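Q: Here is how the chains run, residue by residue.
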Amino acid sequence: MEWLFLVPAMVILLTLVLFPVLSSILFSFNRVELRPGAVALSPIGLDNYQHALFEDGTFWKAAGNTAFFVAGVVIFETLIGLGLALVVSQHARLRRYLTSLLLIPLVMPPVVISLAWLTLYDFRGGVINWALRSLGLSPVQWLSAPNLAMQSVVIADIWHLSPFVFLILLAGLQALPIEPFEAADIDGATPWQKFRDVTLPLLSPVLLVVLLLRTIDGARVFDKIYVMTGGGPGTSSISMIMHIYRQAFRVLDFGYASAMSVLMLMVLILLAVIYVRLVLGRQSL
Amino acid sequence: MMGTERPIAVTAATPRPNVGATQLQAFTPVQGLRRLGGKALGYALVVVVVAIWFFPIYWIGNMSLKNDLELGAVPPTFVPQQPSLDSYYRLLFVLGFDRYFWNSVTVAAGSTVIGLFAGSLCAYSLSRYRFPWALNYWLLFLILAVRMFPPTVTLIPLFVFFRDLNLLDTVIAVILAQVYFDLPFIVWMMRGFFADIPIDLEQAALVDGDTKFGAFRRVAVPLAAPGLLATAILMVIYSWNEFTFALVLTETKATTLPVATAGLVHEFGIAWGPMTASGVLFTLPVLIFALLVQRNLIRGLTAGGVKG
Chain A
1 MEWLFLVPAM
11 VILLTLVLFP
21 VLSSILFSFN
31 RVELRPGAVA
41 LSPIGLDNYQ
51 HALFEDGTFW
61 KAAGNTAFFV
71 AGVVIFETLI
81 GLGLALVVSQ
91 HARLRRYLTS
101 LLLIPLVMPP
111 VVISLAWLTL
121 YDFRGGVINW
131 ALRSLGLSPV
141 QWLSAPNLAM
151 QSVVIADIWH
161 LSPFVFLILL
171 AGLQALPIEP
181 FEAADIDGAT
191 PWQKFRDVTL
201 PLLSPVLLVV
211 LLLRTIDGAR
221 VFDKIYVMTG
231 GGPGTSSISM
241 IMHIYRQAFR
251 VLDFGYASAM
261 SVLMLMVLIL
271 LAVIYVRLVL
281 GRQSL
Chain B
1 MMGTERPIAV
11 TAATPRPNVG
21 ATQLQAFTPV
31 QGLRRLGGKA
41 LGYALVVVVV
51 AIWFFPIYWI
61 GNMSLKNDLE
71 LGAVPPTFVP
81 QQPSLDSYYR
91 LLFVLGFDRY
101 FWNSVTVAAG
111 STVIGLFAGS
121 LCAYSLSRYR
131 FPWALNYWLL
141 FLILAVRMFP
151 PTVTLIPLFV
161 FFRDLNLLDT
171 VIAVILAQVY
181 FDLPFIVWMM
191 RGFFADIPID
201 LEQAALVDGD
211 TKFGAFRRVA
221 VPLAAPGLLA
231 TAILMVIYSW
241 NEFTFALVLT
251 ETKATTLPVA
261 TAGLVHEFGI
271 AWGPMTASGV
281 LFTLPVLIFA
291 LLVQRNLIRG
301 LTAGGVKG
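Chains A and B supply the protein sequences, listed in that same order. When you line the first sequence up against our numbering, it's residues 1 to 285, in that order. When you line the second sequence up against our numbering, it's residues 1 to 308, in that order.
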């Protein structure tokens with residue numbers, strides 16, 4: 001009887017997740033052609049994988065960009081989120097107001113956030129270049145200079161998701177036991193010593209989970225890139241998902257796009273397994 | 001296990017046991033100065049944080065109220081000089097965004113209802129029954145891991161199959177894709193809310209001759225109603241905001257707001273006015289929902305982060 005409770009979720013997982021994932025793996029070993037009303041598969045062995053790893057320069061460009069994006073957002077979002085959480089956890093009133101304010105970017109549509117930054121970055125009429133000009137500096141091509149486009153997207157993402165890291169770390173800080181801090185006070189520890197030797201070790205499980213979550217989410221960045229740069233100029237800000245999206249839905253090479261998806265899945269599954277074990281390991285089932 | 005709220009309440013509400021020690025420190029002049037400096041630093045921080053996170057939001061609103069002439073002005077004006085609703089008018093009556101709005105509403109409602117039905121049944125049984133072969137653990141494992149997959153790994157086959165089934169560019173396709181995306185969050189959140197409910201009441205219902213499903217429907221669901229509402233609202237927000245699946249699975253008829261709004265960037269160069277107006281109209285419902293259930297929402301947003 002209790003098995004029946006699982007049926008709807010199982011049906012969804014099987015039809016909308018397991019079946020598509022297996023199909024992706026199948027597609028990746030084939031040339032996939034969309035004919036009217038049907039799909040035609042012709043097996044080509046490992047050609048798609050070989051093309052990705054050894055022939056397609058854009059694949060490695062996208063992989064590098066994605067790694068750059070992940071490194072940038074994870075480092076800065078963690079620093080900003082942790083710093084804010086540490087300060088705010090000491091002040092009850094601050095906590096209430098800043099938590100409400102910083103909730104807003106998290107629930108805003110990412111597309112709208114990208115648009116907001118698009119207006120701020122605008123070369124001619126954007127506020128950022130206006131500020132630079134008023135300071136006597138020369139304006140910057142934030143989104144159309146090949147060496148800057150990716151950084152600009154990283155900044156927008158930091159604005160969007162530092163609050164996420166902040167909220168999780170704040171909740172983590174609040175849940176810490178108070179006794180170790182009292183002991184450190186009695187021993188006359190300086191604030192820095194308290195942070196380094198008490199807060200950081202106690203907070204490290206939560207910190208690790210946040211780092212993993214942001215790494216996995218960052219690796220899948222798509223909407224911000226799509227709206228703000230379209231992957232350009234050229235391929236200078238193309239991300240892995242952006243490249244796969246283009247190969248699938250612009251070039252219509254579904255086999256090749258599936259092969260890249262599967263490669264990416266293999267990397268992400270490693271991280272996901274570490275993450276899930278961390279989160280589930282601490283609970284009694 | 002979803003008890004992260006409780007320790008917060010305890011530390012915030014009860015006085016620290018070592019009040020004496022804290023006060024003693026506060027009386028020394030160095031500590032006093034440091035506290036004052038700390039306070040000033042705190043206020044400075046608030047000002048900076050508020051400015052940085054408020055400004056881009058303000059700016060969309062500001063741009064949406066300008067007329068075309070003012071939108072192109074260099075330097076940009078910080079307050080609309082001649083406020084006009086022209087962009088909103090164009091958005092709704094010329095570009096036909098009301099259609100996309102209703103598509104988004106349909107997708108959000110449909111996916112939330114289906115997702116909540118499947119997800120809360122699954123979460124309930126995982127928190128109440130022990131299945132063989134450690135299925136509780138592995139199912140939860142799978143559900144959480146699925147959330148981490150690259151979207152294209154499911155999206156490409158779904159596109160192909162929906163095409164074969166003639167479902168491309170229908171809200172049904174977007175709803176189904178959204179359900180898969182929502183399910184992990186729902187199971188994870190609802191499992192915690194069900195675990196918070198004492199099991200005795202359901203047992204009483206079972207003793208009185210109710211079926212297991214009856215106990216779920218008549219006892220557990222009403223008791224978990226606040227959690228159910230918070231989960232529902234979070235899912236509405238997620239599906240309202242979702243971009244990637246809707247972009248791929250729709251073309252013109254079933255286009256949702258995020259896709260239509262993003263389309264304004266490429267179709268006309270950049271149509272700043274309608275684009276920012278759409279940004280405002282598109283964000284408002286989400287903000288209202290978010291402020292309604294703020295507390296439980298934070299619990300949901302941080303789900304999977306600090307549960308232990």
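No lab work stands behind these hints, which were simulated from the structure alone. Please read these numbers as outputs of a predicted model, since none were measured by experiment. Note that CB positions come from ideal geometry on N, CA and C, so glycine has one too. Hints may be right or wrong, so weigh each one.
Said to hold, decoys possible - Some, not all, of what chain B presents toward chain A, calculated at C-beta under 8 Å:
#: 1; residue: I57
#: 2; residue: Y88
#: 3; residue: L140
#: 4; residue: I298
What the hints assert, rightly or not - Covered by chain A, per the in silico footprint, the following chain B stretches (three or more residues, Cβ under 8 Å):
#: 5; segment: 42 to 48
#: 6; segment: 121 to 131
#: 7; segment: 241 to 247
Q: Are there hints from earlier that the structure breaks, and if so, what are their numbers?
A: Number 2 only.
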